[in-house]
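In order, the protein sequence lines correspond to chains P, S, U and B.
Note that the first sequence covers residues 41 to 163 in our numbering.
Note that the second sequence covers residues 41 to 163 in our numbering.
Note that the third sequence covers residues 41 to 163 in our numbering.
Note that the fourth sequence covers residues 41 to 163 in our numbering.
If you are wondering where the hints come from, they were derived from the structure by calculation, not from laboratory data.
This structure is a prediction, so every number in the text was calculated from the model and none was measured.
Where hints are given, some of them may not hold.
Unchecked claim - Restraint-style ranges between C-beta atoms, simulated for each label pair:
#1 Val115/P x Thr82/B: 33 to 39 Å
#2 Gly120/U x Lys66/S: 32 to 38 Å
#3 Lys66/B x Asp84/P: 34 to 40 Å
#4 Arg111/P x Glu116/B: 30 to 36 Å
#5 Ala44/S x Arg111/P: 37 to 43 Å
#6 Cys119/U x Lys48/B: 33 to 39 Å
Glycine is no exception: its CB is placed at the ideal position from the N, C-alpha and C atoms.
Protein chains: 4
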Amino acid sequence: MCNAVGKKVWIIPDCELPEAGEGVMKGHESVIVVNDRDTPATIDVTLYFTDKDCYTDIKWTVGAKRVRCFRMNNVEDMCGFVVPYDTQYAMKLSSDTEIVVQYGRLDNRQVNLAYYTTLGYNQ
Amino acid sequence: MCNAVGKKVWIIPDCELPEAGEGVMKGHESVIVVNDRDTPATIDVTLYFTDKDCYTDIKWTVGAKRVRCFRMNNVEDMCGFVVPYDTQYAMKLSSDTEIVVQYGRLDNRQVNLAYYTTLGYNQ
Amino acid sequence: MCNAVGKKVWIIPDCELPEAGEGVMKGHESVIVVNDRDTPATIDVTLYFTDKDCYTDIKWTVGAKRVRCFRMNNVEDMCGFVVPYDTQYAMKLSSDTEIVVQYGRLDNRQVNLAYYTTLGYNQ
Amino acid sequence: MCNAVGKKVWIIPDCELPEAGEGVMKGHESVIVVNDRDTPATIDVTLYFTDKDCYTDIKWTVGAKRVRCFRMNNVEDMCGFVVPYDTQYAMKLSSDTEIVVQYGRLDNRQVNLAYYTTLGYNQ
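Produce the entire structure from the sequences given, and follow the hints as far as they go.
Below you can see the structure in the form of structure tokens.
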């Protein structure tokens, strides 16, 4: 399929899981993945850290013509990995088929709501 | 026209319609489309969901050398489709001619104003 | 010079000038332009509107190896054009040499500070 | 290595160091760099200003398969250069190998938290 929309490799440089905070909405971090193709996408996730080796035991699936939101504070979404709070890390998504990826963070640590978003770097 | 500015296909991964909230400014979601060409652009809009099939009955037009802001909470802009609140979805714009697309969200649910924006992914 | 950094054409889809507001910092909109080359860049600015023709009588210059911040509420920066408040418009920058362009908005209308930024679309 | 992820040249147009402010979290500016390769990346940093020549005496290193966060208010990260507060500048990163770069700012000057982020422009 020559006109699939998206790319297979994505990097999100600035990840950091905020604590949930005191507001009505809870602080969190999420990665949103769109699969515009007619077949499911299987994605290998790599986490990079400042002072230790990469973590690579996370795999995601996004169904054909679906969007999915993965939450970094959801241990099930992270395949059992517990993301530490307030710690710099980065993420790579390597998919077997084309996807589109956006990162979002909701920070609620000062009882006001602040957003932080970017599309991933893709190639 | 070989030097038209823009692309024909755009994807916005992270859409979510916030409730209007209590502030002076009302929470909303919008997609802003620029048409730099000398002819109108006709755009097919596809909505992706987490657990159901795509919705494809939305069509937009943007005049030659114009910018238009489409509001997701405006049922007329959505051609009769009612976007649910606080629900993850994604959007694809497929235009017959080159356009440039940005997504914006104003969140006012905690009586403070928070913004969320990105250019769409394009190819 | 084959390895100049940047592109000659940029579009910022979602422009809107907020009123200054009551906070310590004043609400504003700005376009930041970097010129990494050894010669000045001359830039033709086009404004797009929803319901009227483009405005094209704005010209900017950015010196060699300099960054400049243009303020949309500064009539001098806009070459005499008065940008209306709270009105949707878009902007194109067409430069004679490569530049890099980012858009920033500081919104202070609810006595809290909210930011909105994106790189321009470039090609 | 033909499938290295990233680019060698990045520009961040809109840099400005905010004062730390009065909130729990301190205002700051940072540049986050991911190195997905198996060898360290060596990066030459250039700072652009509005009215004076570039500053080029900053060099960064990011280890193989690591992410690093450089803080603009950390004189050590800036190799002894003191970034002035509330002053427009821009940044170029020129790496000997492929990297991915994101810019983030946390503004806390009005006792509420505001974020500002973008991937750098890359080529």
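Going down the list of hints, with the structure as the test:
Range check, valine 115/P to threonine 82/B: about 37 Å between beta-carbon atoms, so the 33 to 39 Å window is met. At about 33 Å, the beta-carbon gap between glycine 120/U and lysine 66/S stays in the expected band of 32 to 38 Å. Under the hint 34 to 40 Å, the C-beta atoms of lysine 66/B and aspartate 84/P, about 36 Å apart, fit the expected range. Take arginine 111/P and glutamate 116/B: their Cβ atoms lie about 35 Å apart, and the range 30 to 36 Å holds.
Alanine 44/S and arginine 111/P have their C-beta atoms about 39 Å apart, which keeps the hinted 37 to 43 Å range intact. For cysteine 119/U and lysine 48/B, the hinted distance range of 33 to 39 Å is satisfied, since their beta carbons lie about 37 Å from each other.
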